[in-house]
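Chemist: Each chain, written out:
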Amino acid sequence: MIRLEGIGKAFHVGEHVVHALADIDEVIREGEHVSIMGPSGSGKSTLLNVIGCLTDPTSGRMSLDDRDVSGLDSDALAHIRQDLIGFVFQSYQLISRLDALGNVELPMVFAGIPRSERTERASELLRLVGLEDRGHHRPSELSGGQQQRVAIARAMVLNPRILLADEPTGNLDSDSGEQILQLLDDLNDKGLTIVVVTHDPAVARRSDRILVLRDGRIARRVSGSEATDLASLFGVTET
Amino acid sequence: MTFVDLMRLAFTALIRHPLRAGLTLLGISVGIGSVALLTSLGESARVYIESQFEFIGSDILVILPGRTETTGAIPGIGGAPNDLTLDDAQSIQRSVGRVQLTVPIALGTETVSHGERARQCVIMSTVTDMQDLLELDLVSGSFLPEGDFTRGAPVVVLGSKIARELFPGTNPVGQNARIGDWRMRVIGVTEVRGTHLGVDMDELVLIPVATGMRMFNRTSLTRVMARLTPGADPAAAEVDILALMEDRHDELDVTVVTPGAILGTVSGILDALSAALAGIAAISLIVAGIGIMNVMLVSVSERTPEVGLLLAIGAVRRQIMVLFLAEAALLSLAGGLLGLGGGMAIIQIVGSLYPEFPAATPTWVSGASLSLALIVGIGFGIVPARGATRLDPVVALSRK
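Here the protein sequences line up with chains A and B, keeping their order.
According to my numbering, the first sequence is numbered sequentially starting from 1.
According to my numbering, the second sequence is numbered sequentially starting from 1001.
Extracted from the complex, chain B is given alone in its bound form (with noise of 0.2 Å):
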């Protein structure tokens, strides 16, 4: 019997029942259309968040004050037995090798006002190198002004939204503003860049960190930035700061952390989310399949005469199985291949309503979803196929 015998033989035994097919296959398309459009999604948050972290880079570590073992919360967050110093700063600069450069961070919130206009912004309170590290572009001014780490001017680089807010039709370089009590001269406007890590870099407000920390009255930066030199090994670095850290502060309190530590958290996260998100989904897909297994077996049963008259005309019994399996398999494959259409024309709408979200559907996605299709088919198909062969051809030609 050649495949095209088969399906032939199976999609006309198929067509028989239009509708109780077509129900059938209905249930394994809304099973498969659901594995595919979770593990779809899934998928293409992970190629989101990856991108978010692209753009910093992995050759950036990120030092925070404070660790879990000393502060009892988490780095970053909470109080710290010591500060992390801009002095700190400075010298994992001058004393790491494998560091390049640090770049300060200071964060706080403040109103930041022109005239009758203001409103809340995070004041990031930084250095010049810090254009370069985020790859920020000017559509007008300059950036932070080059110099020592202490000297803090008051001056300020606005995100392009809160420029076009506070300075509406006009260019605000060379303009004041203020910030809560502090006349700042505005130096500079950043170019529209979009949201990195749920923090919109068009509402950047940027200051110098000597300044920053007076504005805040604080001792402690936020965090550091620290970039490698080519080839560096991060874990090396990693081990250079921490030591100079506990050198420097009596013990150990900063904790280090990379992007490439942070994303394979995130990605670990990732994964066991949309694996519980397909267990949800394989469960329609085991319903789908009992209701396919249903079918077959109504049909082994209409069939029971048509089974006999195969045995005696020849048929073996290897045969007869792999007949009622390519059943099960079309009906399922054909459900597979229109639920994974459904879903990905879902995937389509989600992209076209959220452009900034890569809604896509991978191939591979596709791939695994029809072969589970199949899986699932053939699977369930099995009982009543092993069934159909254990038929006495006698009693099977004698039924009505």
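The shape of chain A in the complex, shown without the other chains (with noise of 0.2 Å):
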């Protein structure tokens, strides 16, 4: 599903070249639950924007549901994220001006769907998340935790081959955390791809394997299970 072949990239600060990635080499498989771990600045969230096709690489090439995806352009890399990726970010990123349901139904607004079908899809999808009864809600007027299930609502309403989710309860108590971990699980258990970014063992330890970063490179891999003992190595505590 995603095949990483010696990814690197490499920014420009002022006169120095800060390597956030290098020599990344990884295969994660259709229907595979996989957690990004490290510490601040291991590159976890650089590695997720070249897998989210938001940024290019500097090196290394990349596939995605076997379409090589290196250098095309920005209007093409639109188009694989419009087919085969959702994103879950940290802060919901949930329009303010538009209600539950027009957020759910902007990835519909610009791939051209019909109004009618939006709608219907879009309603389905805030169902499938427990807010059926939110739909005409500010994100103003919902709490943290049923921001994000409209934004996991959002990111799934094109029915994406791919959720990339970057600490999708970082700004969540426990119980809204659990109630978005638990909605993650049941996606992957019907067969969607996860990608999730986390400083937080308890998240990473619902995956099938953890990636552990470590200045731009893979430290190590290890199953989700072994996520508690990884708690230590970042200074975190489980919640």
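None of these hints come from the bench; they were simulated from the model.
There's no promise every hint is true.
Just the calculated beta-carbon pair ranges, DEER-fashion [unchecked claim]:
id	chain 1	residue 1	chain 2	residue 2	range
1	A	Phe11	B	Pro1018	37 to 43 Å
2	A	Arg29	B	Leu1026	55 to 61 Å
3	B	Val1287	A	Ser96	30 to 36 Å
4	B	Ile1382	A	Ala76	48 to 54 Å
5	A	Arg221	B	Leu1019	22 to 28 Å
6	B	Leu1023	A	Arg29	55 to 61 Å
Over the 12 Å line for every Cβ pair with chain A, so calculated as not near, a few chain B residues [to be verified]:
id	residue
7	Thr1085
8	Gln1090
9	Ile1347
Heads up, the beta-carbon is just placed ideally off N, CA and C, and yes, glycines get one too.
Need the complex rebuilt from these two chains, each delivered in its own frame; the hints are there to steer you.
Modeler: Here it is in structure tokens:
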């Protein structure tokens, strides 16, 4: 599903070159649930952005769903994101002037899906995340957990093959976080490939595999059950 | 993304900051309102002037004594080497095939009085055919008598206003009036006619041309008006008249003008004036355009994370550009409609204050104003919209 070969990403900071990612080789299979952990600045989010086609790697090749996406222009990458990828962000990134239905419909608006179909599909997704009665509520009228569920509904509305989540429970209390993780588990059970960036071993523990990054490289590959053992590495405790 | 989706997204973005959007809208409405108002006034002035010329007719030539080359002055003003005489007028009518009739005119000013009432008037000395030429109707009596140009009778036809002022409450026909030292018999009164080419037709005092030449001790006519035979080419008639006059005077010392030529010149001046006024109004539009650009730059800056999100969910950069341009276009179009409405309202007020002035907003002005509003909105919206499309999605998403 996701194949990374020698992926590197360098940034120019003044006269210096910072290597955020170096020599990343990894294959994430269809239906896998993978967590990316590592200390701050280790390149977790950069790797997620590369996989999500939001930023180009400076070296290496990447293929998604057997499609080589290396060197594609911005429009082609936008279509790849539309076809294959759903994003969930720590800060939800909902548009405050649109209600929950409007936010969930948004990807379909840009994909050119007719309005009647959009409303039906968005309502279906809100039902899936348990917010069927909150469709006309603005983000400011929803709790953090509800906002993140709207964001997951939005990410799922175009039937992506891959869900990329950057600290999806980072802003939530433990109960809300648990609901979100359960939702992700359910989606994974239905065959969705999920890649989650997290500091939280409790989140990582639910995944099949954990990639531990350090200084832009994959330092360890462990199973989800070993997440707790990693907590001490990053100075975090399980929530 | 459908047009309805685009408008909905643009509208919801704009109404998030009603004061900011309202002030920008006001700016563009002032600019568009100025353009619409000044262009409409210019166009109305053209219609007004054209209507003033209409009653003369396009088949009329005016022959004036003198030429710029011979007098050094504008024709008809100042001296001329040779007089333009009654014989000249009759000769043109007789000899130039393209001319149906000629009407000689000598103008002067004199005091017209009846009893204790007196006032200074423009005296037009002319002939019977002038009634036909100016399409003058009479409320009572008859017009100047037909006959030889050179035989002047002591009779006068009064304009309706003069008749009313000098003979209040009575019919002046058959009564006497004095023009200077001359005692004249009033033989007719014209109908109310209004002002044409700056001359109040109701204040005219008409007397036979021969009488006028003697009264003002003149040897030269002020002008000769010539009506062409139906279908005659004015340019060819002009050549014929000039050739005849050169033959009679041994030099070319008259000027022939057509109402069409005068109208063309006046229209040219009006066009230039309208363009200049519209240009001045356009400056306010540029200021309004800069306002739109400023608002859109702020909007893009504030909504950077939103742009990042749209890119993440699969929007292409062209869609982002269209989205921001739609906001600018919506803002400017709304301002344009408001400005046009304001401009039209002022035109209506001008029309009601000056009923004789045909104040109106032509359809093309409305269309052009709204098009201009759109052009300004989109033109000044391009820079901010392009800025939005160039945002890096990762950087945009991380912006607070």
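Chemist: Each hint should be assessed against the structure and marked as holding or not.
Modeler: Status of the hints after comparison with the structure:
no.	hint	verdict
1	Phe11(A) to Pro1018(B): 37 to 43 Å	holds, 41 Å
2	Arg29(A) to Leu1026(B): 55 to 61 Å	holds, 60 Å
3	Val1287(B) to Ser96(A): 30 to 36 Å	holds, 32 Å
4	Ile1382(B) to Ala76(A): 48 to 54 Å	violated, 24 Å
5	Arg221(A) to Leu1019(B): 22 to 28 Å	violated, 56 Å
6	Leu1023(B) to Arg29(A): 55 to 61 Å	holds, 57 Å
7	Thr1085	holds, 85 Å
8	Gln1090	holds, 84 Å
9	Ile1347	holds, 38 Å
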